[in-house]
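Asks: What follows is each chain in one-letter form.
4 protein chains.
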Amino acid sequence: MRFEGIFAALTTPFASDGSVALDRLGENIARYNRTHLRGYVVVGSTGESVLLGPEEIDRIWGTAREFAAPGKLLIAGAGVDSTNETIARARRAAELGYDAVLIKTPHYFKPLLTPAALERHYTAIADASPVPVLIYSIPQYTGIAITADLVARLAEHPNIVGIKESSGNVQLVSEIIHLSPPGFSVLTGSSGTLLYALLMGAAGGILALACFLPEAAVELYEAARAGDVARASRLQFTLLEASRKIAGELGPTGVKYAMDCVGYYGGNPRAPLLPLSDEQKRTVEAVLAESMARQKADQLGVAG
Amino acid sequence: MRFEGIFAALTTPFASDGSVALDRLGENIARYNRTHLRGYVVVGSTGESVLLGPEEIDRIWGTAREFAAPGKLLIAGAGVDSTNETIARARRAAELGYDAVLIKTPHYFKPLLTPAALERHYTAIADASPVPVLIYSIPQYTGIAITADLVARLAEHPNIVGIKESSGNVQLVSEIIHLSPPGFSVLTGSSGTLLYALLMGAAGGILALACFLPEAAVELYEAARAGDVARASRLQFTLLEASRKIAGELGPTGVKYAMDCVGYYGGNPRAPLLPLSDEQKRTVEAVLAESMARQKADQLGVAG
Amino acid sequence: MRFEGIFAALTTPFASDGSVALDRLGENIARYNRTHLRGYVVVGSTGESVLLGPEEIDRIWGTAREFAAPGKLLIAGAGVDSTNETIARARRAAELGYDAVLIKTPHYFKPLLTPAALERHYTAIADASPVPVLIYSIPQYTGIAITADLVARLAEHPNIVGIKESSGNVQLVSEIIHLSPPGFSVLTGSSGTLLYALLMGAAGGILALACFLPEAAVELYEAARAGDVARASRLQFTLLEASRKIAGELGPTGVKYAMDCVGYYGGNPRAPLLPLSDEQKRTVEAVLAESMARQKADQLGVAG
Amino acid sequence: MRFEGIFAALTTPFASDGSVALDRLGENIARYNRTHLRGYVVVGSTGESVLLGPEEIDRIWGTAREFAAPGKLLIAGAGVDSTNETIARARRAAELGYDAVLIKTPHYFKPLLTPAALERHYTAIADASPVPVLIYSIPQYTGIAITADLVARLAEHPNIVGIKESSGNVQLVSEIIHLSPPGFSVLTGSSGTLLYALLMGAAGGILALACFLPEAAVELYEAARAGDVARASRLQFTLLEASRKIAGELGPTGVKYAMDCVGYYGGNPRAPLLPLSDEQKRTVEAVLAESMARQKADQLGVAG
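Residue numbers (the working numbering), protein chains in the order written: chain A, 7 to 310; chain B, 7 to 310; chain C, 7 to 310; chain D, 7 to 310.
A couple of the hints might just be wrong.
Copies of the same chain are indistinguishable here, so a pair counts whether it falls within one copy or spans any two.
[Claimed, not checked] DSS-like mimics (lysine-lysine), calculated; alpha carbons at most 25 Å apart, straight line:
id : residue 1 : residue 2
1  : 116       : 287
2  : 116       : 251
3  : 287       : 302
4  : 302       : 251
Derived by calculation from the structure, the hints in this document are not laboratory data. Note that the coordinates shown come from a computational prediction; the quantities given were computed from them, not determined experimentally.
Taking the hints into account, I'd like the entire structure generated from these sequences.
Replies: Put into structure tokens, the structure is as follows:
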């Protein structure tokens with residue numbers, strides 16, 4: 007099994023009392039099941055993983071497993087700073103029937119997390135995990151940037167099958183693809199550079215943007231795969247501002263409000279994340295409106 | 007009660023099977039009780055807080071409470087990214103008889119953790135915590151630098167009584183002291199700049215270095231308090247390399263090995279932290295030897 | 007006139023006594039005239055502009071003008087920190103018959119060089135320059151990153167006709183293209199992301215790599231223009247390591263040695279730049295050999 | 007001759023037509039001659055060196071030489087990126103009778119300016135300069151941070167006699183003092199941390215703040231030298247905001263306006279530096295007023 011295509015990095019819905027709204031999560035997934043998304047990441051950064059307790063995570067993983075349609079791949083966000091706790095989480099995800107785990111770089115003790123320390127961390131997890139491991143690098147949140155050389159070494163492990171690279175550094179993605187073996191899945195986490203990653207040979211993307219514009223992301227992916235670069239470029243253009251101003255600058259909070267705007271359940275994030283200000287809400291609405299107008303124009307153009 | 011003097015930021019000892027070695031922790035504390043340390047921080051950064059589970063933390067806090075001598079102040083490292091989980095931990099520490107909680111800035115969602123978000127986080131915790139709150143800023147690990155203006159606003163809350171500032175930026179410490187009310191305890195977490203913080207009016211320090219050189223740190227504090235700046239400067243010199251090369255560059259791993267060298271139980275850190283290489287061990291030994299030779303020379307000079 | 011295509015960012019050759027080797031410069035240009043390069047940037051970063059005196063620059067500009075074939079566009083690197091001195095240099099370049107000037111962001115007084123200060127700088131220069139102005143942003147050297155919003159505002163000036171963006175940040179290049187008017191020339195300075203910039207609508211590139219692999223860069227450009235993305239992607243792959251390990255990591259020093267390897271005159275840089283070590287020379291040779299082997303394989307594949 | 011005490015980093019006055027106002031410079035120096043400043047740095051960062059042409063620099067150096075009182079030490083800011091041009095400027099400063107040259111780290115080609123390259127640069131200059139060399143490190147403008155180890159190696163050169171360290175990193179200043187030989191002059195460029203540098207053994211400071219508060223800086227220096235740390239600490243407090251909000255945040259522009267406020271000739275900076283906004287002017291005025299009120303209160307307290 008290779009991880010390719012567009013995956014949504016799911017948000018975690020909360021009820022008004024602050025508890026996890028599992029029913030809302032189920033409803034969202036039921037709707038995503040009708041899209042062409044390849045699968046879901048559950049409890050990643052966009053899922054506010056660092057704001058959830060272990061029991062909550064268990065229930066979220068279980069609910070997602072229950073509601074996901076049979077053909078959708080399920081990836082559990084299971085990485086924390088501790089190597090052993092990460093292994094425990096990977097085992098739990100495997101028990102629940104997940105197809106893979108996504109393991110964020112540990113990051114708290116920055117000066118000590120050398121390439122050697124990261125290599126030992128990932129190797130220990132891959133040795134112990136019953137399901138395949140995807141590396142996850144997101145330096146804008148962690149302050150730790152994984153190198154192409156280290157990815158190439160880790161890719162030799164039979165249970166490390168891919169990477170989600172979220173920095174948006176296209177040259178780094180190119181180098182990783184260049185240095186890693188053919189079956190290794192390089193997925194971008196940066197919707198603003200999705201097309202370029204795909205053209206360079208990336209297998210797809212794991213995208214927060216796919217929570218509120220799932221079909222647009224899939225269309226771009228399919229146009230690129232079909233070699234229709236002109237159309238893919240136009241689609242990439244339609245996603246640029248949504249990528250930068252919603253998923254990038256406003257993070258899970260912005261993604262949730264954008265979901266509310268297009269008919270999913272978004273809701274508020276957990277503290278210390280603040281709800282959007284009214285001005286930020288207007289920005290999200292304007293960016294979404296422009297993005298959808300461009301998509302519509304593009305479809306008419308193609309039809310016409 | 008004001009938090010002043012030198013506090014050790016305790017390490018968490020692990021047994022060879024990786025479990026928390028509560029007995030070793032008790033023995034270390036029994037020895038620290040015989041020093042002039044003012045108290046202990048339990049489960050802070052040096053205590054590898056991010057690598058411990060909630061039940062482990064509970065047992066560590068309980069053991070430290072049990073072994074700490076009556077006069078020693080106890081501060082619980084209780085801050086995590088989630089506001090609500092931090093409140094739950096602060097309540098637990100209070101139940102266990104802790105004197106205060108030390109609350110690290112949340113940090114994962116960096117672009118979203120604006121001063122307004124940090125202000126709401128600390129205010130909510132201070133409102134709910136049964137014991138006083140100390141802010142904790144350590145940008146070299148978190149990537150979040152708290153400003154003097156925000157500290158000044160937070161210092162108006164009756165239950166926010168101080169800050170541990172670990173950046174080593176002396177001008178920032180000066181500004182915080184300048185802007186905060188008289189009773190507010192500004193403690194430095196940077197042993198390499200302890201003297202300057204004290205001269206500027208800091209109330210003391212919470213130091214990883216105090217795990218292996220407790221009396222040297224206390225002597226510097228007392229010399230500065232007594233106005234003997236010449237002697238305090240010489241003592242600051244003796245701590246410079248230990249601060250930079252052990253506590254700074256090698257973090258908890260270096261501190262633990264230095265503890266082993268001077269008769270405490272240090273042991274290994276948890277993965278993903280790597281044990282020291284042989285070369286790193288030689289560095290720690292050389293720095294300690296030079297530091298202690300300088301202290302001895304200084305004492306003889308004073309005596310002679 | 008629109009600035010599009012591939013431009014070489016020329017090096018400045020020095021004789022063994024350290025003086026500018028104008029004859030060597032002329033010989034290099036005579037050879038470049040036989041390639042499909044669109045033109046040359048003279049005295050830019052790769053030309054070690056900050057290590058040259060005003061009289062030297064004058065002679066270099068004159069020599070390049072003399073040797074450049076009639077159809078080649080000539081762009082003078084004319085930006086320094088002072089607004090007035092930059093204007094004086096732009097006027098001199100115009101007198102010498104240059105087609106445009108490339109104006110680096112001022113950068114010494116970083117905290118003071120706000121968008122408002124940059125806007126006034128570029129506007130004053132564009133008002134005074136007899137020839138069109140290209141903005142030049144290279145944050146890895148200057149520490150100043152220009153924003154897409156500022157570029158969009160500057161692009162409204164009739165005498166500001168384009169930008170060389172060298173950060174390698176593809177999303178930023180996309181945003182600049184998105185926000186600037188149709189005739190505005192967005193040129194990338196990053197050979198490792200040339201294809202992606204072109205696909206997004208960039209007009210071309212100003213590349214240090216084009217000093218030693220001019221035809222490879224042009225082929226990539228033409229394949230992208232012709233819509234042959236598969237071939238362009240393969241060519242981009244062949245340039246990846248040369249971009250990163252020669253032009254990126256070794257700067258003008260590496261570019262000059264690579265030129266020596268392929269038959270141009272490179273020579274040594276000026277102090278404080280150090281000549282390459284033997285190990286660095288071996289790296290350049292290996293990267294060049296692999297790059298050329300891949301290009302050959304690609305051509306045979308196409309032919310076969 | 008050892009470089010110790012407080013030096014003013016002089017501004018360069020401009021007339022309303024933008025030319026250098028040599029007469030104003032002479033008048034300012036005549037007034038500074040009546041203070042207890044130890045000497046002057048002419049054409050440093052605060053002197054807007056990067057915005058001046060070689061002939062202008064010559065005239066400024068000559069004027070300062072002419073007006074400086076016999077006992078004042080004169081230091082020429084002579085460092086540019088090119089090693090050879092720096093040597094030429096050092097020779098010119100020596101011809102004009104300067105006591106030393108201050109040589110900023112080269113900085114444009116950041117990734118190439120390794121410690122080895124910096125070492126060769128400074129050694130070549132020190133070999134050739136007829137007058138002693140002071141190293142100058144100001145990473146907030148250059149992006150290049152010199153290490154204590156490199157300073158220690160350079161300090162072995164008989165013609166490298168000191169350093170101006172402007173980062174404000176007190177621990178780094180301590181390490182430099184710790185590692186360099188006894189006669190080596192460590193001068194801070196950071197007025198907000200002057201006291202701590204002095205307590206650690208620094209020889210003094212080269213300060214932009216001394217342009218508008220010369221006697222306050224000298225008083226702090228003398229109190230620290232006399233061992234009156236309590237008084238020195240109070241004086242350091244009075245300078246804190248002036249250091250941060252004028253010299254730090256507003257650079258030469260703020261320093262010039264503060265000079266205008268206290269009776270020197272400041273005037274406007276050269277473009278691309280913008281004149282202060284009205285709001286920034288009010289900030290400078292308020293900071294100065296508070297600083298002088300505190301100094302007065304301190305003097306009355308001492309007198310009473």
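Asks: Hint by hint, say whether it matches the structure.
Replies: The hints, checked one at a time:
1. 116 to 287: between (35 Å within a copy, 20 Å between copies)
2. 116 to 251: Between copies only: 15 Å across, 28 Å inside.
3. 287 to 302: Classified as within; 23 Å inside a copy, 52 Å across copies.
4. 302 to 251: For residue 302 and residue 251, the Cα distance is within 25 Å only inside one copy (20 Å; across copies 43 Å).
Violated hints are absent here; each numbered hint is respected by the structure.
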